[in-house]
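With the hints as constraints, model all of the structure from the sequences given.
If you're matching them up, the sequences are chains F and D in order. With the numbering used here, the residue at position 10 of the first sequence is 10, and numbering never jumps. With the numbering used here, the residue at position 245 of the second sequence is 245, and numbering never jumps.
Please note that a few of the clues may not be correct.
Which copy is meant is left open, because identical chains are indistinguishable; a pair holds if it fits in one copy or across any two.
[As the list claims (entries may be wrong)] Straight-line alpha carbon distances no greater than 25 Å define the calculated DSS-like cross-link-like pairs of lysine-lysine that follow: (1) 154 to 208; (2) 138 to 122; (3) 103 to 232; (4) 11 to 215; (5) 43 to 238; (6) 122 to 208; (7) 260 to 238; (8) 232 to 43; (9) 46 to 103; (10) 103 to 231; (11) 37 to 238; (12) 191 to 103; (13) 231 to 260; (14) 36 to 238; (15) 46 to 11; (16) 208 to 43; (17) 231 to 191; (18) 208 to 191; (19) 35 to 46; (20) 154 to 191; (21) 215 to 191.
Don't read these hints as lab results, they were simulated from the structure.
There are 2 protein chains.
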Amino acid sequence: MQKATLIGAGKLAHHLGLRLTQQGVAVNQVYSRTKKKAQQLAKLLKAKATNHLEEIESGADLYIIAVSDSAIEIVAAELAKTIDPSKAFVVHTSGATLSLVLKPYFKHYGVFYPLQSFSMEKEPDFTNIPICIDAHHKADKNKLEVLAHRISNKVFTINDEQRAVLHVAAVFVNNFTNVLYQSAAELVESKNIPFDLLRPLLLETALKVQAHQPKDMQTGPAIRKDSNTIKKHLSFLKKEHPELFLVYLQLTQLLYPDFKP
Amino acid sequence: MQKATLIGAGKLAHHLGLRLTQQGVAVNQVYSRTKKKAQQLAKLLKAKATNHLEEIESGADLYIIAVSDSAIEIVAAELAKTIDPSKAFVVHTSGATLSLVLKPYFKHYGVFYPLQSFSMEKEPDFTNIPICIDAHHKADKNKLEVLAHRISNKVFTINDEQRAVLHVAAVFVNNFTNVLYQSAAELVESKNIPFDLLRPLLLETALKVQAHQPKDMQTGPAIRKDSNTIKKHLSFLKKEHPELFLVYLQLTQLLYPDFKP
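Written out as structure tokens, the structure is:
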């Protein structure tokens with residue numbers, strides 16, 4: 001694959017576009033419904049910018065739809081009016097969306113899902129980002145595999161059913177751990193303790209499971225069945241942070257199912 | 001402080017003892033109720049070993065009780081029979097225990113709590129570990145502060161009430177995030193997906209909040225109020241991982257309180 005078109009100019013499109021370009025895959029065109037965003041990313045990638053889907057050109061080896069989940073199908077339907085639906089190879093980059101949403105519109109379709117949470121402040125290390133690929137036709141899947149290996153060392157074929165589960169799991173290790181960090185910040189800040197005290201601990205917790213299974217790394221009152229400490233914590237939460245009472249209880253019971261408050 | 005005695009030979013005692021020794025504070029004696037453990041750590045620290053509390057010698061500048069929470073008071077009571085309760089300076093290292101448990105036994109008492117989760121497999125970077133100190137007498141607190149600065153750049157005076165909250169918060173960012181990692185591992189492994197796919201994402205999540213507030217880093221279906229995705233996830237969990245249904249719901253509602261399943 002030599003030439004890709006990026007539909008979308010958000011965080012994922014931004015980082016993926018840069019990485020593709022660095023690795024010798026030209027991005028020829030960038031679409032965003034916001035003209036300025038398309039232009040900004042296109043400039044970085046030395047590509048053409050457009051905010052009209054009907055201006056998307058034929059002839060790219062891959063069309064990458066990197067827009068919000070709810071817009072994927074709308075964009076696909078529009079795109080199919082412009083580029084040849086029997087020739088164009090179209091993928092989306094979503095963990096939460098079936099590849100099948102593209103099926104009504106394109107003969108060659110698939111998924112190219114980099115499993116990472118991207119932010120504009122930080123350049124991702126793509127070599128370590130798992131790229132989850134799938135495609136309806138085997139030849140297309142092979143193409144995606146070659147492309148994925150150009151940008152990452154970790155490439156996995158993940159079907160729709162697997163990707164759906166992976167997305168739930170990603171919510172657990174990303175969104176839910178982050179809301180626990182946030183809850184912890186609120187807890188300590190309510191007693192004038194800076195959140196900074198907890199940063200080394202939470203980082204260590206994530207580092208420990210890089211080489212081990214989480215199950216083997218578990219510590220704390222719940223796994224020790226230390227009901228006294230658990231009850232102390234629950235009674236404190238009930239009084240001062242009632243919004244966290246049930247969260248504490250549920251997570252404790254995952255580790256200590258027999259615990260009764 | 002030139003000379004410390006370690007009561008306990010577990011993970012915390014091990015790493016703290018090594019760090020103190022490295023930084024020029026001699027550990028003269030190590031106690032563990034298991035003779036072999038006392039001997040192993042004592043050997044590393046060039047200290048004497050004992051498994052009898054009545055053999056603890058007078059004359060150390062600090063007695064550090066680093067045993068399990070439930071044993072602290074028992075150990076303190078025993079220790080007070082051996083060393084001079086009006087002269088000896090005794091601290092414990094527990095996040096979950098009041099400093100006051102030492103009060104009935106010693107005139108000079110306090111807390112020296114390194115806020116990190118230690119493991120034998122990995123050498124901790126003490127310079128970044130927050131040391132939470134407190135002591136009943138101001139002069140004692142000053143001594144602990146000087147000692148803490150010898151082993152870490154992050155020293156905080158944290159009173160009993162604050163430390164209790166800090167410990168709850170530590171459970172959130174350590175034990176509870178780890179059980180989310182474990183749940184995610186079970187989710188993906190049930191579909192033959194290796195947990196390794198999630199490791200970069202969970203590490204990135206912890207790295208992001210090193211320089212930012214968690215609140216500002218939140219992403220995902222709950223913060224977007226994407227009820228469709230949330231309902232899809234919940235119905236999948238209800239069917240295939242019912243033990244995670246309520247956890248998902250509770251954590252979602254922390255971010256999206258109006259969500260109704």
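**Report entry** Hints not upheld, ascending by number
**Finding:** 2, 5, 8, 9, 11, 14 and 16
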